[in-house]
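Q: The listed protein sequences derive, respectively, from chains A and B.
Going by the numbering used here, the first residue of the first sequence is number 1, and it counts up by one from there.
Going by the numbering used here, the first residue of the second sequence is number 1, and it counts up by one from there.
One or more of the hints may lead you astray.
Which chain B residues face chain A? A few, computed with CB under 8 Å, are given here [unchecked claim]:
hint, residue
1, Gly39
2, Pro51
3, Val191
Calculated from the structure, these hints are not laboratory results.
A quick note: this is a predicted structure, and the numbers were derived from the prediction, not measured.
Glycine included, C-beta positions come from ideal geometry on N, C-alpha and C.
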Amino acid sequence: MDVETLREIGIIANRSVRRTLRQPALIVPTIVFPLLLLAINASGLDVTKNIPNFPADSYLDFALVVTFMQGGLFAATTAGTELATDIETGFLNRLQLTPLRAPAILVGQLAGAMCVAFLASLVYLAVGLLAGAHIAAGVGGAALLVVLAMLVALAFGGLGSIIGARTGSAEAVQGMFPLLFVFFFLSSMNLPRNLIEADWFRTIASWNPISYLVEGLRSLVITGWDGTALWRCLVTAIAISVLGFLGASSSLRTRMART
Amino acid sequence: MMGTLAVARAVARRSLIHAFTNPALLVPSIVFPLVFLVGFAGGLSAVQNVPGFDFNGGYTAFQFVFVFLQSAAFGGVFTGFGIAADFESGFARRMLLAAPHRSGMLLGYAAAGMVRWFLTATLVTVASLLAGMDVHGSGIELGGLVGVGLLVNIASTLFGAGVSFRTKTLQAGPLMQIPIFVGLFLAPVYVPLTLLTGWIHTVASYNPVTALITAGRGFLSGEPDKSLLAFACGLGLAALMAVYASRGLRRAERGL
Numbered sequence: 001m002d003v004e005t006l007r008e009i010g011i012i013a014n015r016s017v018r019r020t021l022r023q024p025a026l027i028v029p030t031i032v033f034p035l036l037l038l039a040i041n042a043s044g045l046d047v048t049k050n051i052p053n054f055p056a057d058s059y060l061d062f063a064l065v066v067t068f069m070q071g072g073l074f075a076a077t078t079a080g081t082e083l084a085t086d087i088e089t090g091f092l093n094r095l096q097l098t099p100l101r102a103p104a105i106l107v108g109q110l111a112g113a114m115c116v117a118f119l120a121s122l123v124y125l126a127v128g129l130l131a132g133a134h135i136a137a138g139v140g141g142a143a144l145l146v147v148l149a150m151l152v153a154l155a156f157g158g159l160g161s162i163i164g165a166r167t168g169s170a171e172a173v174q175g176m177f178p179l180l181f182v183f184f185f186l187s188s189m190n191l192p193r194n195l196i197e198a199d200w201f202r203t204i205a206s207w208n209p210i211s212y213l214v215e216g217l218r219s220l221v222i223t224g225w226d227g228t229a230l231w232r233c234l235v236t237a238i239a240i241s242v243l244g245f246l247g248a249s250s251s252l253r254t255r256m257a258r259t
Numbered sequence: 001m002m003g004t005l006a007v008a009r010a011v012a013r014r015s016l017i018h019a020f021t022n023p024a025l026l027v028p029s030i031v032f033p034l035v036f037l038v039g040f041a042g043g044l045s046a047v048q049n050v051p052g053f054d055f056n057g058g059y060t061a062f063q064f065v066f067v068f069l070q071s072a073a074f075g076g077v078f079t080g081f082g083i084a085a086d087f088e089s090g091f092a093r094r095m096l097l098a099a100p101h102r103s104g105m106l107l108g109y110a111a112a113g114m115v116r117w118f119l120t121a122t123l124v125t126v127a128s129l130l131a132g133m134d135v136h137g138s139g140i141e142l143g144g145l146v147g148v149g150l151l152v153n154i155a156s157t158l159f160g161a162g163v164s165f166r167t168k169t170l171q172a173g174p175l176m177q178i179p180i181f182v183g184l185f186l187a188p189v190y191v192p193l194t195l196l197t198g199w200i201h202t203v204a205s206y207n208p209v210t211a212l213i214t215a216g217r218g219f220l221s222g223e224p225d226k227s228l229l230a231f232a233c234g235l236g237l238a239a240l241m242a243v244y245a246s247r248g249l250r251r252a253e254r255g256l
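Let the sequences and hints guide you as you build the complete structure.
A: What follows is the structure in structure tokens.
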């Protein structure tokens, strides 16, 4: 990557971050909604700690990382919506008159979503600790948790960008939210896979990459340094990020060629 | 009265044609409850092994009632979205000018919301039965469950209508969704009320949705519980929301 490409990315990233941070409607739900669900689920499902072999002392510890995943999901929506809005308003058409390349636009556009994901991760962590959660992997584990959460946000952001670039419609990106939510529900988000009784559900959860992302993040909170869970999480997040980036780049190139 | 019914019939017919011929509107209202059913009844079935969980009918039946009532509530929200969309497109304003009895509009939207919910409720019920749900309630008790669902659907439709008449924009979607979502989840969703502890137990004890869900589960398991309280809460909520929606309609009329 040459200096000129980095400069191009910097310009778009600067715009993306400033535009995102100026919209409380994008930031507040990303932070509030996952915390609201955490509060409800941590209390409503606290009795599950009494199930034999449940891996945590409290459901709060078990469910804390779900907020990071949901933050990543909101990042996908933010990234896709921003890109689609730029297409709708004609900003992308104007960018085509400049020497900017599609990958630079894409990386720069993700900066706003990543910024929100980073802020949200810090808030989730702080609220979780204040509510009594315990990070088994210690301070280093908490730092890695934030890093992995950013990687997850990048992965989902790439998926959001594919939809944004393909459809060019912010409304269509918003409609994608339920689709991604389905993958969340069909994972080991609410219970560990070995405690899921329905065989068909356990099979789906085992094939669902979201399970490995959740389990990797969760291992830092409830287990400590679990190498297997962490490498699975890392590989899954990188694979989704690469696929998302390639897919979004291709869609954006097609979109720019069309216009 | 005939004029009101004529307006209601026209509004309901249009809303239903619009909803059933537009997959972007129809699919989410069907898919969401099914996803919740799969996620809760399938993914959390081990919760029935928690000491003290003694629901007669298994975890699928336990969660079915929540999803059934949730689909009723969100059916109302989706109808509210439709009303807001009618205002954004200008159609609702033209209806307000043309309708001889404007209260018929409210009646028509409520009727359309009910028909939409019946479709979703049927699909959720079939999916639950296919998943092996045990039904112990008698025909009358199951009728009671449907009655509770209808009251929830009417109350939430009127709430959505009230918000839409006031805001006249789809951007008010979260104002319709979030209170209903929070109200539903501050009830005994995953385990019976007796197994909840801490602040959620206190909140759920005072939440009227708890009575609706508890009664629904009682009807399905053949062990009715809090039935009268549930119908009182349902009727009370529907009456309250009817006042809210009627006032919203008057405010919309004044804005013409």
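Q: The structure should be examined with respect to each hint, and the outcome stated for every one.
A: Cross-check of the supplied hints:
no.: 1; hint: Gly39; in the structure: 3 Å, holds
no.: 2; hint: Pro51; in the structure: 6 Å, holds
no.: 3; hint: Val191; in the structure: 6 Å, holds
Violated hints are absent here; each numbered hint is respected by the structure.
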